[in-house]
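Visitor: Chains as they are written, first to last, in the working numbering: chain A, 130 to 396; chain B, 31 to 366.
The set of hints was computed from the structure by calculation and includes no laboratory data. You may find that some hints are simply not true.
What the hints assert, rightly or not - With the Cβ distance kept under 10 Å, some of the chain A side facing chain B (calculated, not the full set):
| hint | residue |
| --- | --- |
| 1 | Tyr143 |
| 2 | Gly237 |
| 3 | Lys282 |
| 4 | Gln286 |
| 5 | Leu302 |
For glycine and all other residues, C-beta sits at the position ideal for the given N, C-alpha and C.
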Amino acid sequence: MTSAIKIKNLDYYYDNYHVLKNIDFTVQKGDFFIIIGPNGSGKTTLIKIIAGIFKQQKGNIFVFDKSLKSYSRKKLAKKIALVPQMVSADFPFTVMELVLMGRSPYLGLLGLDKQEDLKIAKQALFFTGVEELMNRRMDHLSGGERQRILIAKAICQETEIILLDEPTAALDLAHQIRIMDLMEQLQQKKNVTIIMISHDINLAAMYGNRLLLLDNGKIASIGSPADVLTFKNLEKTYGCKVLIDKNPVGQYPRVNLVPQKFIKESK
Amino acid sequence: MPLTRSSIIKRIMFVSLILFIILIIVILAALAIGSTSTGIKPVYQAFFAHEDADAMTSAIILHLRLPRALLAALVGAALSLGGLVFQAILRNPLAEPYILGISGGSAIGAILGILMGMSRFPGVSLLSFTGGIIILFLIVIISSGHSILKKDSLLLAGVMVNSFCSAVIMFLISMTQDSRLHNIMFWLMGDLSLADINQTGILAAILFPCFILIFLLSNSMNILLLGKEMALTMGISVKAITLTLLITTSLMVSATVSNCGLVGFVGLVIPHILRLGLGSDHRVLVPACILGGGAYMVICDLMARTLPEQGEMPAGVITAMIGAPLFILLLKKSKA
Numbered sequence: 130m131t132s133a134i135k136i137k138n139l140d141y142y143y144d145n146y147h148v149l150k151n152i153d154f155t156v157q158k159g160d161f162f163i164i165i166g167p168n169g170s171g172k173t174t175l176i177k178i179i180a181g182i183f184k185q186q187k188g189n190i191f192v193f194d195k196s197l198k199s200y201s202r203k204k205l206a207k208k209i210a211l212v213p214q215m216v217s218a219d220f221p222f223t224v225m226e227l228v229l230m231g232r233s234p235y236l237g238l239l240g241l242d243k244q245e246d247l248k249i250a251k252q253a254l255f256f257t258g259v260e261e262l263m264n265r266r267m268d269h270l271s272g273g274e275r276q277r278i279l280i281a282k283a284i285c286q287e288t289e290i291i292l293l294d295e296p297t298a299a300l301d302l303a304h305q306i307r308i309m310d311l312m313e314q315l316q317q318k319k320n321v322t323i324i325m326i327s328h329d330i331n332l333a334a335m336y337g338n339r340l341l342l343l344d345n346g347k348i349a350s351i352g353s354p355a356d357v358l359t360f361k362n363l364e365k366t367y368g369c370k371v372l373i374d375k376n377p378v379g380q381y382p383r384v385n386l387v388p389q390k391f392i393k394e395s396k
Numbered sequence: 031m032p033l034t035r036s037s038i039i040k041r042i043m044f045v046s047l048i049l050f051i052i053l054i055i056v057i058l059a060a061l062a063i064g065s066t067s068t069g070i071k072p073v074y075q076a077f078f079a080h081e082d083a084d085a086m087t088s089a090i091i092l093h094l095r096l097p098r099a100l101l102a103a104l105v106g107a108a109l110s111l112g113g114l115v116f117q118a119i120l121r122n123p124l125a126e127p128y129i130l131g132i133s134g135g136s137a138i139g140a141i142l143g144i145l146m147g148m149s150r151f152p153g154v155s156l157l158s159f160t161g162g163i164i165i166l167f168l169i170v171i172i173s174s175g176h177s178i179l180k181k182d183s184l185l186l187a188g189v190m191v192n193s194f195c196s197a198v199i200m201f202l203i204s205m206t207q208d209s210r211l212h213n214i215m216f217w218l219m220g221d222l223s224l225a226d227i228n229q230t231g232i233l234a235a236i237l238f239p240c241f242i243l244i245f246l247l248s249n250s251m252n253i254l255l256l257g258k259e260m261a262l263t264m265g266i267s268v269k270a271i272t273l274t275l276l277i278t279t280s281l282m283v284s285a286t287v288s289n290c291g292l293v294g295f296v297g298l299v300i301p302h303i304l305r306l307g308l309g310s311d312h313r314v315l316v317p318a319c320i321l322g323g324g325a326y327m328v329i330c331d332l333m334a335r336t337l338p339e340q341g342e343m344p345a346g347v348i349t350a351m352i353g354a355p356l357f358i359l360l361l362k363k364s365k366a
C-alpha cells in the first residue's frame, strides 16, 4: 500500500501556545480518514498544515512520499483540494464560474478554459447532483447546495486527496447524509483519498474507515471506528460519560450522550 | 452557454467593444460641446480638414478640449480600476481609493511637493506615490485584525484617515500665503482644467502598463475572492499577488491625484454598476472598468464645465454628488 499523507513528529505553535504535539500518522491511499476531537484540540490546525495554508514548523509531512515543502503551490493544488466550511458570497459568482475555478491549477494566468475543462466541470456538477443549478448565482442558494457546489469545485480540481473541514456543520439531517454519501461515492468510485474533520462522532463511525482522535494537540487514538470509539477514549478526551452500543443498521459503533441525571454517583 | 473557452474571450471582446464605442462617442461629445462652439463639424474640420477650419475653434478643440477629455478618460479609468481592485482585495464592496483615504495621502504628498517647488514630474508624482503607499499600508494594517466588525471598522478607519488628511491639507494651505496657494486649492475638489497634452501623455505612459498588469492578474483576483485559504489551496501565491495589486493600484491612484487632485467615488460607482450588469468575473470587469470609468469621467467633466452658466466647477463636485448617495444606498443594502 502506498501512503497519501505521511506525518512525522509534527509540532506546531501559535506564538507560545503548543497546538500540535508530536503528531505522527499515515493516511493510506483510498482511505476515508476522519479526524475527531473536542473544540480546540487542533483539528483545523492539522488540516490547514496539510493543505499548505499554515507553514510547517517542526517535523515532516510527505504527500505521496514527497516532502510537502518540495511542492510548489500550483503542484500541490493538483494533489490536494480543500472544501471549507463555507465561502463568502459577497461577490456572487455563478455556480459554473465557481466550479470552473477548480481548473485554475491546470490553466494559464488568465484561466482561459478549454472545451475539456468545461466537460470536467459539468461532470463534477452532475456527480454532486447540482447540474440544474449551473447558471444560478451562489448567493441565491441554500447552505446545502453551496456545500455541494464547493465539493463539485474540489472534484473539478481533479486531485487525489480532498480535505474537508466540517462540511456538514451547518446542514440539516438530510443534507448531512447526502454530503457524506457523496464523499463515500467519491472515495469508492473515483478512489479519492478523503480526509475530513467531523464534529459528529456517529457520522464519523458510519463513514470513516479510519479515525483519528485528537486530544489537546496529541493523538489520543487512531484506528478503525471500533478501536477508537471506546468508552475509555471518549471519556478521557471529551470529559463526559457516554454510552456506546451498536447501531442496528450496519453494526457501527454508536455513541450516545447521557444526561447527568442518569449518571449515578459511583462513589 | 456563456463559458466555453472561445466565449469568455468573446465576452471580454464584446463588452470591451461596446464600452469602447461609448467612450469614443462621449469623447467626441466633449470635443464638440463648449462655450465657444457647439457641433461636430468643427471637430471634423479640426482633425481632417484644416483648410476649412476656423483657426481659433480648432485650437480650442485640439489644445484645450482634447487633452482635457483624454485626461478625464485616463483619470476615470484609473480610479474605477482602483476601486475594483481594492474591493476585490479587501473583499469589501464599499472600498474605494478616495473613501479609504489613499487619494488623501497622495494629495498630501503632492502638495508638499508643490510647496517645495518641485516639478510635477517626477518630483511631485513621486511624493504623491509615497503618500498614497503610506496610507495604504496604514489601512491594510488596521483592517487585517481578526475583528468581526472588520467591514465597518475598515470604512471607519478610512473616514478617519481621510479627515486627518484633509486637516493636514488645510494646515499646509493655511501656512502658505503666496501664489502657489491657487495651485493647491484645486487638489481639494478635483479639477481637470489644467490639462495639457504632455501631462496627459506622461500619465498615459504610467497608467497603461498598470492596466495590463492588473488585467493579467484578473483571474487570480477571481480566486482571491473565495478567501485567502481557498486561494492558497488552488495554487495562488496570495501574498505576492495581493502586494503586486496593491502597489500597482496605489501607483495608478497617486499618479492620477497628482494630475487632477481629489476626485471621489468614481471607483465606487463604476465597478458597482458594471458588476450589476456583467457579473463578478474580473476578466470582464477589468477592461470594462477601464473603458466605462473613462467614459463616465469624461461625462462628469463635461457636465462640470457646461452646467454653470459662467465659468465652471470642479469635476469632483459632480462625482461626489452622484457617488455619495449611491454609497449610502450600498451601505444600507449591505447591512440588510
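Visitor: Decide, hint by hint, whether the structure agrees.
Guide: Each hint tested on the structure:
no.: 1; hint: Tyr143; verdict: violated (12 Å)
no.: 2; hint: Gly237; verdict: holds (9 Å)
no.: 3; hint: Lys282; verdict: holds (9 Å)
no.: 4; hint: Gln286; verdict: holds (7 Å)
no.: 5; hint: Leu302; verdict: violated (27 Å)
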